[in-house]
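Novice: Order-wise, the sequence lines are chains A and B. Take the first sequence: its position 86, counted from the start at 1, is 85 in numbering that gives the first Met the number 0, and no numbers get skipped. Take the second sequence: its position 9, counted from the start at 1, is 8 in numbering that gives the first Met the number 0, and no numbers get skipped.
Please keep in mind that the hints were generated in silico from the structure rather than gathered at the bench. What you are looking at is a predicted structure, and each value in this text was computed from that prediction instead of being measured. Careful, some of the hints might be misleading.
Pair ranges (Cβ atoms, derived) [as the list claims (entries may be wrong)]:
{"#": "1", "chain 1": "B", "residue 1": "G122", "chain 2": "A", "residue 2": "M211", "range": "56 to 62 Å"}
{"#": "2", "chain 1": "A", "residue 1": "P89", "chain 2": "B", "residue 2": "R127", "range": "46 to 52 Å"}
{"#": "3", "chain 1": "A", "residue 1": "I83", "chain 2": "B", "residue 2": "D165", "range": "51 to 57 Å"}
{"#": "4", "chain 1": "B", "residue 1": "T171", "chain 2": "A", "residue 2": "N132", "range": "30 to 36 Å"}
{"#": "5", "chain 1": "B", "residue 1": "T252", "chain 2": "A", "residue 2": "G147", "range": "42 to 48 Å"}
{"#": "6", "chain 1": "A", "residue 1": "D134", "chain 2": "B", "residue 2": "L167", "range": "42 to 48 Å"}
{"#": "7", "chain 1": "B", "residue 1": "S4", "chain 2": "A", "residue 2": "G135", "range": "24 to 30 Å"}
{"#": "8", "chain 1": "A", "residue 1": "N132", "chain 2": "B", "residue 2": "E76", "range": "29 to 35 Å"}
SDA-like mimics (lysine to any residue), calculated; alpha carbons at most 25 Å apart, straight line [as the list claims (entries may be wrong)]:
{"#": "9", "chain 1": "B", "residue 1": "K132", "chain 2": "A", "residue 2": "L233"}
{"#": "10", "chain 1": "B", "residue 1": "K132", "chain 2": "A", "residue 2": "Y231"}
{"#": "11", "chain 1": "B", "residue 1": "K11", "chain 2": "A", "residue 2": "R139"}
{"#": "12", "chain 1": "B", "residue 1": "K132", "chain 2": "A", "residue 2": "A166"}
{"#": "13", "chain 1": "A", "residue 1": "K31", "chain 2": "A", "residue 2": "L42"}
{"#": "14", "chain 1": "B", "residue 1": "K11", "chain 2": "A", "residue 2": "I136"}
{"#": "15", "chain 1": "B", "residue 1": "K185", "chain 2": "A", "residue 2": "G145"}
{"#": "16", "chain 1": "B", "residue 1": "K185", "chain 2": "A", "residue 2": "R139"}
Computed footprint of chain A on chain B; a stretch qualifies when at least three of its residues, placed anywhere within it, have a C-beta under 8 Å from a C-beta of chain A [claimed, not checked]:
{"#": "17", "segment": "81-89"}
{"#": "18", "segment": "97-110"}
Cβ coordinates follow ideal geometry from the N, Cα and C atoms, glycine included.
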Amino acid sequence: MPLILLIIWETTCRAGVVSPIMLPSPSAIVIKWVEWLRSGELLVDVLGSLGRVTGGFLLGAVLALPLGLFMGASPRIYEYFNPIVQVLRPIPPIAWIPMSILWFGLGNPPAIFLISLGAFFPILMNTIAGVQNVDGIYLRAARNLGAGRGTMFRRVILPAATPYILAGIRIGIGTAFIVVIVSEMIAVNNGLGYRILEAREFMWSDKIIAGMVTIGLLGLAIDQIMNALNNYLLRWHRGLDT
Amino acid sequence: MDYISITNLSKKFEGNGQIVPALQGINLTLSRGEFACLLGPSGCGKSTLLNAVAGFIQPSSGEIVVDGRPVIEPGPERGVVFQEYAIFPWMTVYRNIAFGLEIQGSSATETAGRVDALLDKLGLREFRDRFPKDLSGGMRQRVAIARLLAIDSPVMLMDEPFGALDALTRRTLQDELLRIWRESGKTILFVTHSIEESLYLANRIVVMTYRPGTIKHDQTVTMEYPRDPAGVEFNELKRELGRLVMEEQERHTRDEMKMV
Ligand SMILES: Nc1ncnc2c1ncn2[C@@H]1O[C@H](COP(=O)(O)OP(=O)(O)OP(=O)(O)O)[C@@H](O)[C@H]1O
Ligand SMILES: [Mg+2]
């Protein structure tokens with residue numbers, strides 16, 4: 000099916016039905032992509048984007064995880080932070096762009112700030128839910144066996160909440176990916192988002208689509224890695240038997 | 000010498016405008032090494048009493064003293080086997096059993112030796128590195144028992160531990176529990192609503208009343224082990240206890256009819 004689609008696409012383009020600016024042919028896109036790769040620029044762009052996603056994501060996760068664990072475990076801490084969280088959470092990271100540029104200038108800092116913001120809330124919300132949903136019977140059992148606070152967190156609450164946390168991380172990575180492209184279009188001068196926008200200036204449709212496909216493939220690769228991680232960390236979980 | 004003494008224990012639950020007198024004026028003492036069963040219809044407060052001894056429930060009034068110390072919180076010296084298989088699904092069988100020992104700071108070799116011995120004792124060796132999801136109900140309950148034996152609690156509190164098992168697995172685990180009890184001299188408080196099970200296991204059977212939960216009858220059972228469920232004495236006692244439990248069961252049923 001995808002092959003048939005590609006063939007139809009290629010032949011309509013070759014027949015000159017659509018202008019190459021509106022829709023370049025697949026072969027033109029591949030040629031452009033190889034050219035981009037050869038120039039060494041593609042690697043810089045991919046690494047640039049990935050670096051920002053990783054940095055921003057890690058920053059967001061490192062803040063969201065402990066906060067989520069504490070908010071989930073203690074009603075008092077939850078009451079304290081929840082109002083702020085509820086107000087900030089619905090604001091899309093994109094809406095933070097102007098302020099982040101004012102605060103951090105141009106370049107990587109505002110991008111990383113925006114990405115971390117995008118990753119932060121899904122991880123936070125899921126971690127809270129995960130901890131709140133830990134079955135009380137496990138807490139009782141652990142307390143009965145003599146577990147103190149530290150052991151309880153590390154060996155009972157954290158693993159019990161892992162399915163939720165991983166789901167949050169997944170959503171967080173997805174958001175981080177959206178935000179990195181947008182932030183590169185605005186504040187940074189390399190990376191896949193920047194390159195797509197630059198190509199638009201010159202009406203290089205083939206390069207735009209080559210960039211889009213690269214983003215798609217990167218997303219797919221990250222998803223595969225997440226899948227593998229998921230299957231490993233949740234190998235004890237009933238639902239994952241195939 | 001009273002090892003466990005429960006004095007004037009009452010517990011009221013309050014919820015949506017109703018007050019449930021789950022336990023009222025319970026007085027019960029157990030000597031060290033006794034195997035006591037709590038018997039009674041559903042809702043008569045068996046779990047509440049067990050959980051109060053475990054330290055999970057604060058009584059409304061009264062006191063529980065175990066081995067000279069008042070019970071104020073849960074602790075490993077009063078180990079619990081829960082009715083739901085409360086073994087940790089994210090830990091392998093080995094890790095589940097080792098958990099309590101690791102908390103106590105026992106060394107890796109010490110822990111391994113101890114856990115492996117228990118795996119053998121309970122027929123769990125081949126499941127050592129498996130997760131609970133791969134185990135049958137009976138195997139999971141064995142892990143729960145092994146986890147408790149690992150920390151060597153002098154008091155074992157068991158809440159209908161074999162309730163969800165098939166008859167054959169149930170009998171096997173009952174026999175293993177009896178063997179462990181007689182070898183170790185532990186004091187066991189065991190909740191069940193099966194008269195047959197209580198007669199097979201216990202040397203004390205405490206029948207409870209329904210709402211409020213009080214002690215209706217305290218029966219000492221002197222039959223030799225292993226007991227024969229087809230024997231004359233067994234069945235005489237069974238009939239007698241059956242009559243007592245039935246009275247409470249009827250009150251329970253009447254109560255439920257009223258609610259409808
Ligand atoms: N947390 C609670 N809040 C309110 N009522 C409760 C609570 N726990 C128990 N009860 C009530 O107290 C009574 C005794 O409950 P308990 O669980 O001790 O009964 P049980 O004898 O163990 O019953 P079963 O055999 O069904 O397990 C019941 O009527 C129950 O509805
Ligand atoms: Mg119960």
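Novice: Give a verdict on every hint.
Specialist: Going down the list of hints, with the structure as the test:
Checked against the hint of 56 to 62 Å, the pair G122(B) and M211(A) passes, with Cβ atoms roughly 59 Å apart. In this structure the supplied range 46 to 52 Å holds for P89(A) paired with R127(B), their Cβ-Cβ distance being about 49 Å. A hinted range of 51 to 57 Å for the beta carbons of I83(A) and D165(B) is consistent with their spacing of about 53 Å. T171(B) and N132(A) have their C-beta atoms about 35 Å apart, which keeps the hinted 30 to 36 Å range intact.
Between T252(B) and G147(A) the beta carbon distance is about 45 Å. The supplied range of 42 to 48 Å therefore holds. In this structure, D134(A) and L167(B) break the distance hint of 42 to 48 Å, their C-beta atoms being roughly 29 Å apart. The supplied range of 24 to 30 Å is met by S4(B) and G135(A), whose beta-carbon atoms lie about 29 Å from each other. As the Cβ distance of N132(A) to E76(B) is approximately 30 Å, the hint placing it in 29 to 35 Å holds.
Among the hinted pairs, K132(B) with L233(A) is consistent with the structure: their alpha-carbon atoms are about 12 Å apart, no more than 25 Å. Under the criterion of a C-alpha separation no larger than 25 Å, the hint pairing K132(B) with Y231(A) is consistent with the structure, at around 15 Å. Under the criterion of a C-alpha separation no larger than 25 Å, the hint pairing K11(B) with R139(A) is consistent with the structure, at around 21 Å. For the hint linking K132(B) to A166(A), the alpha-carbon distance of about 21 Å falls within 25 Å, and the restraint holds.
For the hint pairing K31(A) with L42(A), the CA-to-CA distance comes to about 14 Å; that is within 25 Å, so the pair holds. This hinted pair checks out: K11(B) and I136(A) have alpha carbons roughly 22 Å apart, not beyond 25 Å. Our distance criterion of 25 Å between C-alpha atoms is met by K185(B) and G145(A), whose separation comes to about 19 Å. As the CA atoms of K185(B) and R139(A) are separated by approximately 22 Å, the hinted pair is consistent with the 25 Å bound.
With a cut-off of 8 Å between beta carbons, the segment 81-89 of chain B has 7 residues touching chain A; three or more are needed, and the interface restraint holds. Residue count for the segment 97-110 of chain B with a Cβ under 8 Å from a Cβ of chain A: 4. That meets the three needed, and the coverage hint holds.
Violated hints amount to a single one, hint 6; each of the other numbered hints is respected by the structure.
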